[in-house]
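2 protein chains.
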Amino acid sequence: MQNFEYCNRTKIIFGKETEARVGAELAKYAEDNDGTSFRVLLHHSGGSSVRSGLLERVKNSLKSAGFSWVELDGVKPNPRLSKVHEGVALCKKEKLGFILAVGGGSVIDSAKAIAVGALYDGDVWDFYDRKKTAVHALPVATVLTIPAAGSESSISSVITNEAGPWKRPIDAECIRPVFSVMNPELTYSLPAYQTACGVADMLAHIMERYFTKEPHVELTDELCEGAMRVIIRNARRVFSGGEADYNARAELMWAGALAHNNLLSTGRIGDWGSHLIEHELSAVFDIAHGAGLSIVFPAWIKYNIKEDTPRLARFAAKVWGVDGAFYDHEQAALEGVFRMKNFFRSIGLPVSFGDAELDTGKIPEMAERAVKFGPLGNYRKLYAGDVEAILRLAAG
Amino acid sequence: MQNFEYCNRTKIIFGKETEARVGAELAKYAEDNDGTSFRVLLHHSGGSSVRSGLLERVKNSLKSAGFSWVELDGVKPNPRLSKVHEGVALCKKEKLGFILAVGGGSVIDSAKAIAVGALYDGDVWDFYDRKKTAVHALPVATVLTIPAAGSESSISSVITNEAGPWKRPIDAECIRPVFSVMNPELTYSLPAYQTACGVADMLAHIMERYFTKEPHVELTDELCEGAMRVIIRNARRVFSGGEADYNARAELMWAGALAHNNLLSTGRIGDWGSHLIEHELSAVFDIAHGAGLSIVFPAWIKYNIKEDTPRLARFAAKVWGVDGAFYDHEQAALEGVFRMKNFFRSIGLPVSFGDAELDTGKIPEMAERAVKFGPLGNYRKLYAGDVEAILRLAAG
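In order, the protein sequence lines correspond to chains A and B.
Each residue of the first sequence is one higher than the one before, counting from 12 in the numbering used here.
Each residue of the second sequence is one higher than the one before, counting from 12 in the numbering used here.
None of these hints come from the bench; they were simulated from the model.
A quick note: this is a predicted structure, and the numbers were derived from the prediction, not measured.
Be aware that a few hints might be false.
Same chains, same label: a pair holds when it works inside one copy or across any pair of copies.
[Unchecked claim] Below, computed lysine-lysine pairings styled on DSS-like, alpha-carbon distance capped at 27 Å: (1) 143 to 39; (2) 142 to 74; (3) 74 to 383; (4) 104 to 74.
I would like the entire structure built from these sequences, with the hints used as guidance.
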């Protein structure tokens with residue numbers, strides 16, 4: 012087991028009708044910080060949270076607690092740098108001191124970027140372009156509507172700069188939300204495709220952490236495997252008429268947060284190659300992140316089939332129910348990939364370029380761009396040629 | 012799934028030689044708190060941490076970081092109120108601003124009690140006697156030497172008032188350690204009995220959370236079951252000549268912290284009846300907490316065998332490897348208890364009053380005292396008669 016540090020300070024407020032507590036939590040936060048007074052940037056997409064009445068309930072809660080706010084809507088999936096710039100300008104002009112994101116990972120990631128930019132004189136893209144390291148940010152809190160990105164308790168933010176297009180991540184403790192409100196009922200009305208993309212995203216967050224060459228991480232392995240089984244089982248429930256099954260939605264929502272809060276990577280480094288490859292798919296085709304992952308991940312495993320095959324066989328056994336007594340590890344591992352693809356397809360996700368009607372002609376260009384900052388991944392270092400080979404496996 | 016709040020702010024610094032970082036972490040803490048300056052109460056048992064040289068290394072680390080301290084040693088297992096009073100007086104007299112506990116659960120629990128008492132004008136026992144609620148405390152950090160109590164990242168402290176004797180717990184967010192240093196190497200030299208007691212304690216912390224009537228807690232169940240399997244497997248390794256097996260010791264140490272940090276109770280209330288019954292054993296016989304638990308818990312399950320038998324059978328299957336296809340749930344559950352007792356015995360723990368040579372004549376008195384604040388537990392409410400019956404089952 013490798014040495015590690017672990018700390019997650021995000022306070023989770025989980026359950027039915029919890030959005031009504033946002034104002035009170037904000038007041039508690041202010042009190043715990045020497046009675047700081049601030050106005051809030053209320054950041055959202057302007058879409059479903061308005062239509063569902065959620066935003067109105069959040070505003071009522073803020074109002075009852077005596078807070079005032081400025082609104083910024085219009086966040087899109089694969090959140091854009093231009094919107095972040097708008098938010099930064101607004102925070103500076105209106106002297107806002109707190110950012111409340113109401114939405115899914117895109118809104119939260121956008122809010123985190125604004126939080127960093129609001130305390131910086133230059134262009135916030137500097138942080139995503141690795142010219143600067145983020146150490147200060149306005150406090151961010153969230154009301155989560157889409158379990159997927161795990162951004163509600165993570166230190167990550169991923170932003171797309173339209174100029175490239177480049178899709179780039181940052182990781183910084185200062186952007187971890189101070190609290191997150193998670194009401195599974197808010198996810199009943201999610202379109203099936205968005206639910207499915209969220210499922211792929213949270214599974215991928217765990218798989219990135221799970222694929223490691225560190226052999227002594229039993230507890231972390233067990234936690235990962237258990238969480239993946241729970242996600243798969245409860246996704247099946249939701250997709251078998253359980254759209255409004257509170258408990259199934261709750262399991263997915265809570266698993267989505269744990270998937271990305273770094274508890275599941277204690278004692279080892281993860282891989283993250285598939286995520287970085289996927290970012291190229293999203294940047295070039297503007298495909299949903301989860302759909303990109305369901306295309307890339309099975310191909311990544313296939314490409315690595317000779318790379319610690321017993322571990323891939325264990326993954327197949329513990330997560331996908333492949334008989335652990337399978338006589339050949341490689342066959343077991345491939346059966347696991349087969350079941351994974353079946354599962355993704357069964358919830359309506361693409362598992363190849365063909366399924367998503369993506370242009371395979373862009374593969375060489377994407378492979379080059381993916382390795383801009385050097386080779387990807389840790390389970391096995393991937394160079395441009397490897398990335399191209401993985402994307403070719405995903406083409407079919 | 013029930014609504015819940017979850018937050019654990021303790022920063023974990025885990026791995027080899029991490030005790031050398033104590034001073035630097037303390038300096039970081041001071042810096043994050045507006046450069047607060049403080050002197051430290053260095054609290055320990057005066058035993059193995061002195062002999063092993065650990066205390067010296069911790070002092071060197073404090074010195075290098077520019078901190079000065081006052082020492083208070085002499086903490087005993089089942090930590091005493093009289094020692095807490097000493098610490099409180101010392102903090103007040105010397106105007107100490109931070110408490111560093113170097114030791115196991117007893118030292119940490121004592122440190123937490125001192126932290127509360129230092130900011131209170133009356134007798135700190137008021138909090139344990141439920142006359143007062145703890146909301147303010149000096150900050151506490153720990154260098155853990157015995158994985159067991161989980162106190163290194165928990166909100167709990169249990170103190171014994173010799174006057175009774177009464178052994179009573181408090182739970183308060185303000186006593187959660189701000190950071191904890193966990194080096195598994197420090198546990199190589201633990202006496203086997205202390206290692207075993209720690210194993211029973213961490214298993215018990217998970218079982219208390221696991222036994223619930225809430226049927227929809229799949230993720231939490233999987234995390235609990237995985238953690239229990241890891242503890243059992245790695246305890247076997249340590250007790251099969253693996254005293255200095257870093258990875259086995261590391262799995263136990265990390266599992267011990269997770270066992271008691273409340274992640275494993277999200278979405279449900281736990282039971283805690285067995286713990287409260289055990290407190291009477293420790294108070295009356297001054298037996299180690301873990302040894303008391305290995306006596307009480309099997310009896311508690313047996314007494315509840317008709318109480319949601321399928322859940323007890325699942326526990327037997329998932330944690331103790333009892334064939335899940337067992338035709339009779341009750342038989343499966345009893346087979347689980349049998350294996351649990353075998354396991355405890357195999358690592359040198361008592362599973363009955365007889366094993367530990369305890370006087371069964373005290374049972375009625377202990378049963379009465381256990382319910383002083385009302386019936387115990389949630390899985391099934393236990394009154395004095397129930398507690399007596401459980402202790403009689405454990406008498407054997």
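Against the structure, the hints come out as follows:
1. For a Cα distance limit of 27 Å, the shortest separation of residue 143 from residue 39 across copies, 22 Å, qualifies, whereas the shortest one inside one copy, 32 Å, does not.
2. Within a single copy, residue 142 and residue 74 get their C-alpha atoms no closer than 40 Å, and across copies no closer than 36 Å, so neither meets the 27 Å cut-off.
3. In the homo-oligomer, the alpha carbons of residue 74 and residue 383 never lie at most 27 Å apart, since the shortest distance is 47 Å inside one protomer and 45 Å across protomers.
4. In this assembly of identical chains, the alpha carbons of residue 104 and residue 74 lie at most 27 Å apart only when taken from the same copy (22 Å versus 47 Å across copies).
Going through the hint list in order, the structure does not satisfy hints 2 and 3.
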